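Trainee: Each chain is listed here by its residues.
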Amino acid sequence: MTVVLAEKGWRSLMVTGNHAAAWAVRVARVQVIAAYPITPQTTIVEKIAEFVEKGELKAHYIRVESEHSAMTACIGASAVGARTFTATSAHGLALMHECLWWAAGARLPIVMAVVNRAMGPGWNIWTDYGDTMAQRDLGWIQVYCSDNQEVFDSIIQAYKLCEDHRVMLPCMVDLEAFILSHTYMPVRVPPQDEVDDWLPPYEPAWVLDPEEPITHGNLVFPAHYMEFRYLVKEAMDRVKELLPKVGEDYRRRFGLTGLDFVETYRCEDAELLLLTMGTMGVEARITVDRLRERGLRVGLARVRVFRPFPVEYVRRLAEGVEQMVIIDRHISYGAEGALAMETKWALCALEERPLITSFVAGIGGRDVTYKDMERMVLKAREWMERGEAREGVWYGVKGLELG
Amino acid sequence: MSSGRLTVKDLSREEYLLPGHAACAGCGAAIALKLTLKALGRRTIMVVPACCTSIIQGPWPKTAVAVPLMNIMFEAAAACASGIAAGLKAKGIEDITVLAWAGDGGTYDIGIQALSGAAERGDDILYICYNNQAYMNTGIQRSGATPYGARTTTTPILGKREHQKNMPMIMVAHGISYVATATPAYPFDLVEKVRKARDIEGTRYIEILAPCPPGWRFPANKTIEVGKLAVMSCAFPLWECFWEGNRQVIRLTGPSARIAKVPKLKKPVEQYLALQGRFAGMSEEDVKALQEWIDRSWEHLVKMAEL
Amino acid sequence: MAALRTYRDWPIAPISKPSLGALGLTGSWRTFRPVVDREKCVGCLLCWVYCPDAAIEPDEENKPVINYDYCKGCGICANECPRKAIEMVREGEM
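Protein chains in written order, with this note's numbering: chain F, 954 to 1356; chain P, 72 to 378; chain U, 266 to 359.
Just so you know, these hints were derived from the structure itself, not from any lab. It should be emphasised that the depicted structure is a prediction, and the values quoted were computed from it without experimental measurement. Beta carbons: idealized from backbone N, C-alpha and C, even for Gly. Any given hint might turn out to be false.
[Claimed, not checked] So the derived list for chain U, only partly shown, Cβ under 7 Å to chain P, looks like this: (1) Pro-279; (2) Pro-283; (3) Leu-288; (4) Tyr-335; (5) Ile-341.
Take these sequences, add in the hints, and give me the full structure.
Mentor: What follows is the structure, given as structure tokens:
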């Protein structure tokens, strides 16, 4: 077995998720960064500033005056053919909402790191997925990470995937506030020349160039608009096929975490499937092991890519499973968590479906441990035995009994 | 500096705003854009936020503008231009002018933040605000640039109760490399300023008064006449601000320079107001208040030009 | 311009090409048309400078030729001509 640490040009770092993102930006040779600080994303943009000022990353860094301007500046830079990046969280993401529409509709392969943080009021700098889930309609690819290596790897692969002319959609790579953004983990960084070889320079699908003047984005009548949007849908559909290929290629080349839609743990003979995302989706391995010791054949699936939604994967995972327990770190008021809703939507087409129990947990950074997830699964089991499915049950609210 | 030496011969015969565009008959903004692009030439990339010019281009799949143009969100013109400027630098392209072309709404109001940010950073963009003094594209609602007393659809009876912001002076206060005012009624003054701005680095701001027949309520053939009176009454003086060493210098140009030397050339504001339906029926006190504001602003400008 | 029959004919994003007549033949907007008296005209070309629609082209003598396909009849040229060499004539009366 090769001792990778000793390999020439590789770096072995102990870094926070934020710094892992900054390293990815450096190694991906991003050309224009436009960013505005917001807790807990700040150390991403600070690290990048350090790289740029030391000359370790040859990029133009626009220290914009708001997140709206950050995304807009990325749109401008991308439209003239530069590889761009920005990062934000919560309110910053919300502020750039209209720009996100523009970036996707303009078919610009901008990559953005989002440190998932709860929305106010009151101010809350800890994690939940409310910020990015609220942006899931717009045509951005969404990748949710569970460790810092994955953060690093996802950003590099995002450029490769998004800059493919069959895709040309922007991508947000998401990591949880503090749990990943500020926690140190080992991250291996491949040698620059190898990354250069794997990730060639950006070739835009359309560009602003005085030699061939075009206007982008003028008035489009109803007779024409829908077809443009259909092209976005088609591109998003193509991601279903292209993303795992990029992931497999990357994994083979570097031995690091390749992009894929779902990560599974002990699902082969599962009677109950626990479905969740992010770091909960890794902590839950302990839940699975403990429950298996008690005789319950639990399997775990961690959804890594939420857009496009992994419909086929979820359908396959549901086969032969008696019960599914879904835990969302998100709530859509008036409905329930996005992962639960979309999973149910995906399974609608199946004639035989597992009984689904869904929970809302961890809102605003409330801790969700393997013990919490164990309790949720056992409760769900109890309800199933009573013939109840239950949806969108809030777990951990003080004074709210699960019943 | 602007000395009126340019003539018709100096204007490019190349058209960058092609006939058959969607501007209203007599549109001051269209004249301004035509002249601006002739002054800048082909190596220009435009950014246009939501404004009249968004529509003037015409609908997809055609455009009336013959330089590359990025349409962008209302408040974002300066930020997009900053991004384009950075992208071009990243690609080693040095000879393209990045032109942000925005209305008064997208400059004075919703766009002021992005403009101020770009100016503070000194981003290498030419920002031109073509000012028709209201949200004309959405049907003549008042903006921060609407003059005192003017009737708009959101100040329909009483007329605007507040004086307009002095955006060019705000840009002077940012200390950027070049600020100027212009209007198509003095086309050679306009072209000279645009050309000068093109060749300066850093953030440059030009405000072009663009008289609007439907919005200001005057017949379409009076656009230039109204523009001349705006300048001759000092409601919209022509000047520029540039750096000489480490000093900012303000200089009056064209008729405004002449009026400063010969004050009796200045026309009373009533002559300017008389041509425009948006000021019709303005009370005597309001006209007086407007005249006083114009006089004070003019005196202040003249003093700054003497510094 | 490629025919737009199926969505596959659409470009990847809303990208438009510079075209004459982007909104069609805007000359149809006119109620009055400018008529140039070449005797009175001295070829100063101020009308050309001011025309919002570039619907005036200088000929070899530097005198204006009106492009009636696109002239919207705003009348600025007539109003500004220092020699009053342009008259606005009602459409239909010539």
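Trainee: Does each hint fit the structure? Answer for all of them.
Mentor: Tested hints:
1. Against a cut-off of 7 Å between C-beta atoms, the interface hint on U/Pro-279 holds, since the closest Cβ of chain P lies about 5 Å away.
2. Residue-level restraint check for U/Pro-283 holds (minimum Cβ-Cβ distance to chain P is 4 Å; threshold 7 Å).
3. Interface restraint check: U/Leu-288 against chain P, minimum CB-CB distance 4 Å, threshold 7 Å, status holds.
4. The interface hint given for U/Tyr-335 is met, as the beta carbon of that residue sits about 4 Å from the closest beta carbon of chain P, less than 7 Å.
5. Using the Cβ-Cβ criterion of 7 Å, the hint placing U/Ile-341 at the interface with chain P is satisfied: the shortest such distance is roughly 5 Å.
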